[in-house]
Amino acid sequence: MSLLQIENLSLSIHGAEILKQVSLSITPGQIVAVTGESGSGKSMTALAVMQLLPNGAQAQGAVRLEGQDLLNRPEAETCALRGASIGMVFQEPMTALNPVKTIGDQVMETILIHKALPLPQARERAQGVLTRVGLPPDRFPLSRYPHELSGGQRQRVVIAMAIALRPKLLIADEPTTALDVTTQAQILDLLKGLVREYGMGLLMITHDLAVVADMADQIVVMRHGEVVENGATAHLLRNMQHPYTRMLFEASGHQVSRPRATDPRPLLEVTQVTRDYRLPRKGLFGTPGHHRAVDEVSFTLNKGERLGLVGESGCGKSTLTRAIIGLEEVQSGDIRLDGQPVFSDHRPNPVVRRKMQVVFQDPYGSFNPRHRVARLITEPFHLLETPPTGSDRQDRIAEMLTAVGLGPDDAGKYIHEFSGGQRQRIAIARALIIRPELILFDEAVSALDVSVRAQILDLLAELCEAYDLTYLFISHDLSVVRTITDRVMVMQAGRIVEQGETEQVFTNPQHSYTQTLIEAAPVLPDIGMSVA
Amino acid sequence: MLRYALKRLISLLISLAVASVVIFAVIEVAPGDPASFMLGVNAQEDTLAALRAELGLDVSKAQRYFNWVGGMLVGDFGTSYTYRTPVSQMITDRMWVSLPLALYALTLSTVIAFPAGIYAAARRGKPGDLTVMGATQLGIAVPNFWFAMMLVLIFAINLRWFNAGGFAGWDKGFWTGVHSLTLPAIALALPQAAILARVMRSSLLDILGEDFMRTARAKGLSRRQALWRHGVRNALIPVLTIIGLQFSFLLAGSIIIEQVFYLPGLGRLVFQAISARDLIVVESVVMLLVFAVITVNFIVDLAYAAVDPRLRSRT
Amino acid sequence: MSRNLILGAALSSLVLLAALVSFVWTPYDYAALDIPNKLQPPNVRHWFGTDHFGRDMFSMIMVGARTSIAVALVAVGIGMALGVPLGLTAAARKGSWLDEVIMRGNDLVFAFPSLVIAILITAVFGAGAINAIIAIGIFNIPVFARITRGAALSLWEREFILAARVSGKGAARISAEHILPNVANLLIVQGTIQFSLGILAEAGLSYVGLGAQPPTPSWGRMLADAQTMVSFAPHLALIPGLAIIVTVLGLNLLGDGLRDWLDPRIRVARA
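Protein chains in written order, with numbering that gives the first Met the number 0: chain Y, 0 to 531; chain D, 0 to 314; chain H, 0 to 270.
A partial selection of chain D residues facing chain H, derived with a Cβ cut-off under 10 Å:
{"hint": "1", "residue": "Leu15"}
{"hint": "2", "residue": "Ile26"}
{"hint": "3", "residue": "Phe144"}
{"hint": "4", "residue": "Met149"}
{"hint": "5", "residue": "Pro190"}
{"hint": "6", "residue": "Leu244"}
{"hint": "7", "residue": "Ile255"}
{"hint": "8", "residue": "Val284"}
{"hint": "9", "residue": "Val289"}
Treat the hints as calculated values from the structure; they're not laboratory data. By construction, the Cβ of each residue, glycine as well, lies at the ideal position given by its N, Cα and C atoms.
Please model the entire structure based on the sequences and the hints provided.
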């Protein structure tokens, strides 16, 4: 008999249809991955099982745990199930724990609230599960507060809370999306091990198809609240029935081809750059410490070259980016573009600024919501001594919008009228409009769904052709960097530990950290499809 | 924790020092010479000089400032120009009315506001919430001194449960004193309670939307259990700020309320001093009020650390 | 448009209208004494009754609205005119000594409740409406500085501000072009709340004699005059009190309604 059975589940929130006739089932010890792009309803499916739906939600159909209906039972009985029979792990470990309670109290609460054990044994059990998830009490005492732990450690605490009573079903909603790739690999291993050890069913919600292919016994693909395909992993990967599933897998492993650099002379020269941040004083009379965010970094970027910079969060890549575009001055070392320093006399050098632009990550935060597109994309004209006016200006706007795949008519619209992918196109238009020598892409496709990401990558390849772009592409996503750059640098703890031809680095990494990174990154299975 | 407390303490001392300079400077701007004001226009030059010496007015401004501050540090607030009695004596007597009144009101306001705010947040959008919110909306709009007059009209004049004014004094027994401060305390507390209840509610509603509340529910806590075990303590952090601010409003408010109830507190003292141009009294009372406000905010800062471990661990 | 917004706008406009009409028309001369008709309860001739000098309460309330609104409005203006630039500057120079000085200065002013400022000013310069305005205005400065800084700080972290910086724009230009328009809604809402607090503060100051001086009618002083007569002429205390409540309630509802209408995420400081 199946452990969890969802049959024809439909859900509407304040009248808006969220789920349509969703059906899936999980048997004990099985990992079922539900995947899809944003708006597919995958998280709502998980919340419906937990019965933690937002106000105004109306569910129809059936959700059964070991034959018992979950949808129409009194709240008190549902509370008795949650935490005891069904555990849940959420996406954001940084906010999923109560900041004012110790981790021990929070893990013990699962046990105590269900009156499963008296206090002393509950404490023992909490120590036991925390040890099981990799936080042994001799190194991580129960009296620790969440803010004293890293993101990965917090996610382990959340997992410990979810499994403290050995539930039959564990639901994990994007459990590793907020984590670095090496941490992600550890958490995924932990989840797999727990499923095997406890014989739990695992309902895993994730957008990452590589993770799906790696973890799941069964894959459920959703789009717009409907299940479009559902099958055993090996079988489904070999014969995908639905075109949407094919498109998703294709887009996830999307490859683009770029023209070779034409004129390889040095454009950006970074020499021995170091940036320190002061830390708060330790103790009452201690000397203030320093955090070296960027440590003696040197590299050269040639004209026409596409350079990647990869590394995990906190490795210093953002600080380096800010130093290159002249937002922050470095303490020592030298950054030059076309032979001229980015900072002169502690001021950003306007001549250099004119030659550089940036595309940021967040398609929603990159634009002033009160300005129209024409004003938004012409903001860099401020850098020019004689900005184009009148019809010149109109022509430039129209040209840029057309170049990024939008229309001249879009110039009069406000930013909220565009989707995330369109906004990223507008951000590229803004960066291109003054024809900079160098563009920095700072995690520029990280917030996008895979299908949109593939389109933006195509656009970049086209623009490379049309405008002979030179760029520095900063990202944590190895697969994207691999297809979009000629050369790549790997950054760890403020240092560049390896750099070289992209293919060379990926196929034959030299530094142990690079090897760990590539090892940890889940890989899409070769599904024998032709590369588009 | 120690470092945090020390940092706040240093900031407290700096604030006090700057505040004293500001108050002294403002009073210095006052036109006229207190000695000639006290003795009238026809006073002899040597009598004036003698009085100036007696009042400590015959030295440089900087010297006077340090005399004033130095005196306050050892409890000597100078001599009243009008009554020729030590200001510290006058202040101490009045303090025993004003301070208990403010604390009484703060307690009342907190005791009323916390349950009301929590209740409203727990029943968001339901009739109970709407009733509390409507009442607080009205409470914020009511001037406390007018509310005080209405209380007098109803409970003192018509029902005769309380005296319309005056203060029995603490020597007639604790409860007699509390009884005569009850109407003023209610008048002060209710409008502040309305504000505090709203802050409590909105702060709690913010917390209810946090991820860790959902985590708590996923563990099997009921809505009510999650609210009490995880919501309330987190919601207290912004509420503490408001309580700190409210203390200064209650002190200031008590100055006005004392007028309605004819209470012999700091408020009456300061108004008498203003009309008599007894600036040394005004100066000292204002300094004392500012001292109280700054100190309470210091205590609130320490209370933050007690509630929020993230502050404590910043060594 | 919510019910709050409509009700709040209606009550506020009613009071504003009364204040404006009072410039050209009042039922009686607000200062005219009529001792034989003193202490009349509300009736057909005197809608709000008469005071102990036989003056028409309705006319006095209308003219009093003028005083209240003028004092509170100018005080909010002072607070905004000085507080907003200070807040923008502090945010633009976050962490610098300038930010530190501005914020410490704010804390210091917060230690002086507006009544204490009024007491100081009155002790030195004497009582009057102008001094009441200054006292309430000074107190408003840190309120606006603080909320402007708070909102501006989170905007400075946004990527569109980074984009503007990459486009070579300086802090002053970014503050004016990107920050200010995006905190305007917040300032409007907070301004409404401070306006209502200003009305309350003015009434309090006038009540203790630190506000507008006779013969200028003011609601607070009408209440002070009524205090001794409250047992036999309660309407003298009821009517100015209700006028204050209606005004403050109207402005608060308007503020809440504007917030919900403009941007429900705005957080208002209310103290």
